[in-house]
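Chains as they are written, first to last, in my numbering: chain A, 8 to 999; chain B, 5 to 472.
No lab work stands behind these hints, which were simulated from the structure alone.
Keep in mind that the hints are not guaranteed to be accurate.
[What the hints assert, rightly or not] From the structure, some residues in chain A lie toward chain B, with a derived Cβ separation under 7 Å:
| # | residue |
| --- | --- |
| 1 | Leu107 |
| 2 | Pro111 |
| 3 | Glu260 |
| 4 | Thr798 |
| 5 | Ser799 |
| 6 | Ser835 |
| 7 | Asn892 |
Treat the numbers as computed from the prediction; the structure is a model and nothing was measured.
Beta carbons: idealized from backbone N, C-alpha and C, even for Gly.
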Amino acid sequence: MRGWRLDSLFRRNAAVKPPRLGAISSSRRITSSLALLATIWLSLLSPAPMCAEDGADAPAQQHWAFRQLVRPAIPHVQQADLVRTPVDNFIEAALEKRGLTLSPPADRETLFRRLCFDLVGLPPSPEDAATFALDASPDAWARAVNRLLASPHYGERWGKYWLDVAGYADSNGYFNADSDRPLAYRYRDYVLRAFNDDKPFDRFVVEQLAGDELSGYTTNSPVDEAVIELLTATHFLRNAQDGTSESDGNPDELRTDRATVLEGAVQITMNSLLGLTIQCCRCHDHKFEPITQREYYQLQAVFYPAFPVFDEKAWIKPRDRVAHVVTPGEMERWEAETRLLDDEIAGLKRDFANWTRERRPPSMVRFSDDFDAPGASLAANWSSRAPGDDAPAGTPELRLDASQPPGALVRDGALCLVESGAAGDRWLATREKFDWTPAQPGEWIQATFDLKADRLDSAATPAARIGFLIAAHDFDDNSPIGGGNVLIDGNPAGGAAVHLDYPGDDSKPVGDLGSSHYVPGHNYGVRVTNEGGGKFRLEQLVDGIPEEKPVTLSEADLPDGGFAFEFCCGRSFIVDSVEVMAMTGLDPDGSAAHREFADAFQSRQKTLRKALKQKQQQRREKPGGIAYVTDVLANPPAVHVLERGNYAAPGSEVQPAGLAMLSPSNASLAVEQLPAGAKTTGRRLALARWLTRPNSPASSLLARVIVNRVWQHHFGMGLVATPDNFGVSGSAPSHPELFEFLADELMRSGWSLKSLHRLILQSAVYAQSSALRSEAFAADPDNRLLWRFRTSRLDAEAIRDAMLTLSGELDDRLYGPYTPTSRQDDGSVIVAENAEGVRRRGVYLQHRRTQINTMAALFDSPVIVTNCPVRSNSTIPLQSLALLNSEFVRTRASAFSSRLEREESADPRRRIELSFRLAIGRAPDAAERAAAERFLNEQTAFYVEKSQLAVAGNQVKASQQGIAMSPETGAERAWHDFCQMLLAGNAFLYVD
Amino acid sequence: MFEFPLNRRAFLANYAGGIGSLALTYLLQSEARAAGTGSPIDQRPAHYEPRAKSVICLFQHGGPSQVDLFDPKPELSKRTGQAYPGQVEAHFHTQVRNLLGSPFRFHKAGNCGMELSELLPHTSLVADDLTLVRSMSTESVDHEAALRLIHSGSAFAGRPAWGAWVIYGLGSMRQDLPAYVVLADPGGAPIDGTKNWSSGFLPAIFQGTPFRADGSPVLNLDRPHDVLPAARRRQLEFLSELNAAHLNRHPENSELQARITNYELAARMQTSVPAALDISQETEATRKMYGLDRPDTAEYGKRCLMARRLVENGVRFVQIFLSGQPWDTHSKNAESLRGLCAKTDQPSAALVADLKQRGLLDSTIVMWTGEFGRLPVSQGADGRDHNRHAFSLWLAGGGFKRGYVHGATDDFAYKSVTDVVRVHDLHATLLHALGLDHERLSYPHEGRDDTLTDYLVTEARTVPELLA
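My request is simple: use the sequences and hints to build the entire structure.
In structure tokens form, the structure reads like this:
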């Protein structure tokens with residue numbers, strides 16, 4: 008039962024209008040008439056606890072969830088032999104009251120599959136399942152539970168549940184840009200490890216709220232693993248959407264964008280930890296819960312120093328809210344590693360360049376200027392007009408051998424291009440012109456230069472582009488020859504834009520080249536290759552290596568012309584070693600020297616490319632980046648209530664505080680004085696201490712909320728059906744005393760979630776069969792009393808992970824950066840085959856808010872807006888279509904059938920048995936076996952028959968249709984079809 | 005130990021009058037599903053006699069300029085070049101320049117004499133079928149927030165699109181076609197992508213299903229080319245044997261039953277979806293009417309025509325989007341509007357006329373709107389910035405008045421001043437036309453019965469003046 012608004016009771020009679028709730032909001036308690044109705048209503052759902060309260064004006068502290076926890080007595084049951092743990096007493100006692108009783112245990116195979124999916128989210132291996140099934144020792148179950156709890160895959164399963172609740176996503180959301188959160192994964196890993204390490208839950212909460220304050224970290228303080236872990240934990244507070252890196256617009260909008268971040272942090276904190284929804288208190292007192300607007304802003308005051316909404320200067324955008332924190336020596340190791348790699352890469356390139364220089368036939372070099380000739384004038388080789396121009400390019404004219412802009416001069420053996428920034432294009436072109444269209448297919452011509460510097464002196468602004476031209480023949484556009492003047496506008500941010508016929512109105516962009524950044528210290532250029540058919544491929548060259556993303560030009564685009572540098576817009580830079588080289592098949596002397604060199608050149612280039620790629624893959628990201636949260640104002644200003652939530656209407660001042668309903672005597676926070684020099688206020692740590700203080704209503708609620716989540720994931724539904732609402736308006740617990748007992752046990756165990764799991768998993772309740780008992784079904788069709796185990800569908804991650812496991816493909820590496828997803832032309836989001844970690848578990852897939860893996864989204868993986876306490880459970884035809892036709896499922900089926908053939912090649916009957924054991928955790932029964940054999944026989948026969956018809960008829964057409972060409976492949980295809988149906992079947996998709 | 009009210013159905017039925025909300029119907033249907041009958045997408049009775057049963061929303065991302073299209077302002081034209089007498093709220097507040105009258109002429113259209121811009125010659129021909137609202141207002145000059153408001157009733161993220169509310173309220177008229185179809189621009193996603201048709205906190209079955217206008221309209225709809233029909237048939241037979249064996253263990257579990265049925269439904273969709281979209285069955289005259297013969301209009305026209313076919317085939321809610329946010333005319337306002345109207349005017353008007361001639365307009369609401377309007381002052385030399393205080397939209401069919409102009413803005417079309425319609429009021433009125441009471445169409449969320457209009461906070465009201 009979900010929470011209902013209290014006033015829905017009024018609608019029974021249309022004549023009775025509900026009172027305007029807004030009108031009574033001045034009272035922070037629910038008015039007596041409403042409270043009375045609420046009590047009646049709720050008592051219908053859960054008579055015992057609610058009737059214990061005395062109706063009208065019941066103090067908020069008496070709401071079951073807001074009271075301090077009291078350990079209940081363990082009830083007696085008639086069927087004591089059924090009881091394994093106290094959990095069973097509570098459930099069985101409630102059942103017995105209704106004349107019901109627990110179901111008998113499920114069979115051992117079913118139990119083991121249930122337990123494996125429950126604890127680690129993966130299917131059991133047939134070997135493990137068999138071992139368990141045959142283990143008759145009394146502690147076999149306990150050992151299985153412990154072994155799975157000790158598996159690192161446990162954290163991947165249960166950590167993900169917390170990530171949903173905490174609103175984890177790999178992107179910032181808010182705006183359409185939905186920009187990346189490249190470091191969020193470290194928080195994800197922190198959570199997974201915390202679950203694996205069974206970190207006490209109260210400690211887990213404190214670390215996420217105030218790890219930075221616990222750590223005492225300042226920029227210069229020594230760092231160890233513990234500090235890193237504590238800082239990483241605070242990412243919890245930045246899981247909310249944050250558009251402030253992309254914000255634009257007027258100051259009011261920017262303020263709204265910042266406020267949204269703070270509001271999100273408060274909302275996620277209260278919802279995930281205390282099961283309360285309080286965001287409505289931003290504008291007014293809570294209409295259904297005893298929480299005032301003032302209290303909401305008291306909570307905001309706790310987080311304000313980290314998220315100073317009204318201080319634009321102090322605000323830190325998400326991409327800058329990063330610390331590079333490493334343990335001693337780690338950064339040095341990374342730097343040394345990187346230096347070594349850089350040197351090796353430079354060495355490989357140098358060797359290639361030297362080899363080229365030494366070995367190439369001199370006749371291939373069409374032009375070369377290294378600006379080293381002493382006393383030579385630039386004018387010997389260069390001009391401010393193109394080879395075909397009458398007049399100099401641009402006004403004022405470019406001055407050669409002059410340092411006043413616009414000018415060009417040789418300094419220290421390099422060419423300085425000095426630009427003024429005044430309006431107008433100019434260029435410095437070679438006097439010589441070249442044939443840019445080699446005659447034969449495969450032949451090429453290239454122009455290259457060393458980029459020495461992107462500015463004339465270190466104080467100057469770097470050039471926004473490094474522009475150069477080929478086929479430069481006609482600046483003033485007077486020539487009868489069209490085309491040419493191909494501008495390559497090299498971009499420091501990557502790639503180069505190509506324009507034809509530059510400059511002038513008829514200039515047109517023709518595309519982008521390459522991807523490398525134009526930065527000093529490298530050799531850049533372009534190569535034109537005759538591709539045949541009148542097409543010429545223009546490629547970007549970086550350090551002599553052609554890059555992907557070429558542009559295709561025609562012969563008319565490339566008339567004979569010079570090579571030139573462009574002067575524009577204040578872009579001054581320094582170059583050296585300008586060279587034009589052509590590889591044409593014909594040597595001047597008719598020998599094969601050109602061809603021989605070209606062959607050797609191409610093979611060396613290929614080797615070099617491969618070697619460079621290998622080296623690049625060895626590169627590690629700069630270590631230690633942590634996207635964390637800390638106070639950015641050590642002395643924050645006063646925080647105010649905002650009247651009606653209006654950012655421009657500050658009301659009375661508030662101090663940081665907890666919630667009064669959970670602190671009957673005093674909700675103010677004991678904010679400790681942090682050590683001198685501390686950069687944080689201690690407010691978040693104080694809130695964390697308030698939340699986790701033993702024997703308090705706040706820690707009681709904290710315990711209840713997490714107990715409910717654990718129960719929810721073991722049994723498919725929480726003891727409280729509204730995990731996001733433990734308030735008066737939420738639903739009451741189905742087993743209130745069990746609930747209190749479990750919460751108390753959790754705290755007694757030192758907040759150990761693994762102990763809680765053991766307590767629940769050892770119960771007879773958990774071990775029950777899911778089979779139907781009609782008398783119990785008639786009495787309790789929803790199974791709220793837990794008279795049987797609830798059959799439930801695998802969630803999105805488990806479907807992916809299970810398919811990959813039984814197909815033998817799962818990449819089960821733990822932790823690390825996300826596996827990227829990508830959007831296809833058809834709108835689907837997939838993991839590309841060449842993505843790093845393509846077969847990893849679902850928890851590691853990039854969870855971008857606007858780009859959820861389609862297969863996961865179809866099976867209810869949530870789009871995270873704020874957070875997700877309960878996923879929906881949909882049953883829609885699109886899921887059936889995906890199981891039948893999607894590439895993902897079909898590929899898994901292929902791998903599954905290959906695995907079967909590898910592991911059970913000889914005997915088809917045993918292969919069928921293995922397939923069932925893998926997919927559904929048990930051997931097929933007689934009927935299933937018969938159906939499987941019949942299907943395999945008929946399907947194989949069908950394919951074989953098709954193949955014979957095809958051999959007789961049109962083979963080409965047959966193979967296009969994918970029809971098997973031999974009996975062997977016929978059987979292979981039949982097995983593939985068989986495996987896919989196992990994956991599409993309910994026995995695989997559901998856990999009993 | 006408490007006693008749980010075990011006969012929940014009887015319990016709910018007793019209090020049904022008291023709850024009166026559709027959430028109850030939904031929950032009861034979930035239970036019906038649990039008992040093996042019906043599905044949550046089944047057609048449900050409206051709160052009261054509906055005027056319309058379907059909606060086609062032609063959504064114009066970016067904020068169309070009301071002052072150049074729908075809202076003539078002679079005073080503004082006169083004072084072009086002068087400063088606006090007061091403070092203008094802009095998105096790019098540093099680029100606010102002087103008043104800029106529309107360069108386009110307005111003329112009276114139809115018998116009703118509705119004044120429309122020369123950029124809308126085709127819309128002018130159907131003026132007598134339109135309700136033009138000139139007095140819209142919204143809450144934000146930020147695209148995303150304004151989009152969220154007009155699509156989901158709140159500037160905050162995470163709430164259901166109003167189409168999802170409609171499907172939740174009324175269910176689907178067809179089991180083998182999605183109830184809520186999105187015809188996205190093949191040129192690319194609109195700004196805010198799938199968030200425009202999200203089901204928010206409603207169950208995912210109520211979200212919009214994007215259909216592609218080219219190629220296979222639904223993901224994974226087509227049998228892969230290397231799977232032979234006979235082989236697939238045999239596969240499905242084998243699957244149903246496996247599933248039947250599994251169901252034997254859980255005969256009462258309707259979710260398992262539904263999953264089995266879904267394979268049949270999926271197979272039916274393989275023919276029903278392409279058939280509903282197949283515009284090759286349309287006459288040459290119809291195709292021409294939508295501008296399929298001209299490059300400017302062909303693409304958008306094709307989707308307008310598909311929208312009509314979908315509604316004809318029982319799809320409840322169709323939304324057409326444009327790639328990016330083309331109406332966001334921050335620079336070259338006049339020039340951009342010419343191009344946009346050349347693309348959208350004829351097909352939009354053709355849709356109204358075509359629905360009418362087929363007798364479908366009475367039961368179909370067509371809505372043409374963006375997320376906000378534009379300013380009467382120029383941004384830079386020739387652009388217009390966002391305006392939240394005034395924008396125009398038109399509605400046709402589905403019980404809305406014909407040849408009617410509602411409300412007015414000030415002399416500059418900067419602020420709506422007469423009969424102002426807020427987005428919440430628009431939503432209340434649209435639901436009303438569909439037979440749904442916006443106060444009663446609620447879903448339990450975060451401890452309360454949430455609604456599209458959040459009327460307790462927004463005080464949303466229906467606008468009876470808009471309805472015939």
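Status of each hint after checking the structure:
1. Leu107: With a closest approach of 10 Å, the Leu107/A hint is violated.
2. Pro111: violated, 15 Å
3. Glu260: holds, 5 Å
4. Thr798: Holds: closest Cβ of chain B sits about 6 Å from Thr798/A, inside 7 Å.
5. Ser799: violated, 9 Å
6. Ser835: Check passed: Cβ of Ser835/A comes within 5 Å of chain B, closer than 7 Å.
7. Asn892: holds, 4 Å
When held up to the earlier numbered hints, the structure conflicts with 1, 2 and 5 and fits the remainder.
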